[in-house]
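The primary structure of each chain is shown beneath.
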Amino acid sequence: MNSWPELDRFLQTDPRDAGCDKAMELLHVYAEMTVADPRAAELAYPEVAAHLRACGPCAEDLEGLLAAVRTDLTEQ
Amino acid sequence: MGMRASGSPPERVADETPVPDEWVRALSGGGFERERATARLHEMLLRVARAEVRRRSGQLRISGPELDDLAYQAAADAVLAVIAKIGQFRGESRFTTWAYKFVIFEVSGKIGRHFWRHPAVPLEAGDWDRLPDRFGLDPARESEWRDLARALRRAVEEELTEHQRRVFTAIWVDGVPLDALVAELGSNRNALYKTMFDARRKLRASLVANGYLHENPVRHS
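Protein sequences, first through last, are from chains D and S. Be aware that the first sequence starts at 113, since it is given in our numbering, and climbs by one per residue. Be aware that the second sequence starts at 102, since it is given in our numbering, and climbs by one per residue.
The following block holds chain S by itself, in its conformation from the complex (with noise of 0.2 angstroms):
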């Protein structure tokens, strides 16, 4: 790739900013230079954090101090993550590009325990009469897009595992992100999206079958 597999051009780094090889083994050992390191990791993912959650605040109910709080939370977890991990970084990428990666997943899975704090919705609702609203279907087809919600609904009850449905309704029919269903259901992302890769096949298979939807092919790019 044409980037650095490095944190910064070491002739550009701040004086107390250690290059690749020397957060490695800041992070790794112990003392003044460990806490020093600490410290700066610390500074450069709070700086991250911040700007992630900010990024995404559309997303969240929250400002001001409580988003702040949020991110403070995220650089602080990660700043464990990373020297938890610290022996699995293969210099593949920048160090802090590494780094940021666990800043940003922090604040993904804290967004998603958030969001039970002022749910739009309660879990298991599986109010099927809300979609036509949240999806915008338009009036003019209702006939049309009414059979498809109904054939879709007779293949969830029929088709899925009692997991797949409850996942499948949370996630598509009461609009739950998925990272806020991995926090209330103690589960991980890839369990959760592989359960709902699975449903959708199911369930496109059965709309196909049955003639409700086209068997396009996977169109690859």
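Bound-form chain D, shown alone (with noise of 0.2 angstroms):
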């Protein structure tokens, strides 16, 4: 049954899963939201939570706004 586990969790969805859209409309408010605490960004945010723990283009668009955001941060 879990001879190929990465293919068992790529084909579940969750149903919160607020889709690339609205994470995108959301991403800055989201990336400021985490770097202060990420688990309140989560608890905010669930939907958008979810679909970035299943969308890989949306999660690194995430790291590397969170990036920029955190140079900036340490720069200042």
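Worth flagging that the hints you see were computed from the coordinates, not collected in a lab. Beta carbons are placed, not taken as given, at the ideal position from N, Cα and C, and that holds for glycine. Some clues are possibly wrong.
[To be verified] Far from chain D, by Cβ distances over 12 angstroms, these chain S residues were calculated:
id, residue
1, 185
2, 213
3, 242
4, 258
[Claimed, not checked] Part of the chain D face toward chain S, derived, beta carbon under 8 angstroms:
id, residue
5, 119
6, 132
7, 159
8, 168
9, 171
10, 176
11, 177
12, 179
13, 186
Take each chain as given, in its own frame, and dock them per the hints.
This is the structure:
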């Protein structure tokens, strides 16, 4: 049954998943909340958090945005 | 949230860097003030674009001037996007975070388009035989995963629509990045993600119904 766990995980879907449009619309807000408190961001936007767990491209965009925000913070 | 809804604290802003309300006013206006704000915005977005293409350079088969060119194009297009959408900035975050978002999206889109300049696989290769190598499946359990792969392929053929089958095969079987497929099909990320979401749900239901996967509840965290 578990000979291909990656497939099993990939096929699981979360009904709360907001989709890319919503996640991209809120990404700047979610990124700043994540920098301050990642758990608070997940609680405030569970549908975005669910999407980011499943969507590689949106998660990659969040990582890039977090890097930019953190660079700004360290340079201030 | 614990962060200022501004670009930078005014007292630390360099002379030529507008604070948030000033960003909106300067970029919405005209004349020299707009030109100066646009130049400053481009400078900031180019810095972010360069950092982002460096961060993602492992996904690209380019380096040096070509990589910088991609960053430059992303920054230029992001400046236009920010100016076009300036009326949508509501102060929910720093202005800079909001603006950076657009250059990150531009980098993603350009990396997706760049994929087809040197594609690892042609579109619609549908090479199911590469799956064991791509996913590093355990040779010791070959009989198990071969059964599962056969069942998955059958479900793809029988349960999915033609469009779902095309998108699923490109992304899962051939490993085409989602943004590359967006570029190739002239679609958008949300539409293809939704297509994949529906395909994943159908395929999992089929594999569970036929005893190949357990019906695990989604773990909410």
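Hints, one by one, checked against the model:
no., hint, in the structure
1, 185, "holds (15 angstroms)"
2, 213, "violated (8 angstroms)"
3, 242, "violated (4 angstroms)"
4, 258, "holds (16 angstroms)"
5, 119, "holds (7 angstroms)"
6, 132, "holds (4 angstroms)"
7, 159, "violated (11 angstroms)"
8, 168, "holds (7 angstroms)"
9, 171, "violated (11 angstroms)"
10, 176, "holds (4 angstroms)"
11, 177, "holds (5 angstroms)"
12, 179, "holds (6 angstroms)"
13, 186, "violated (13 angstroms)"
Hint violations for this structure: numbers 2, 3, 7, 9, 13, all remaining hints satisfied.
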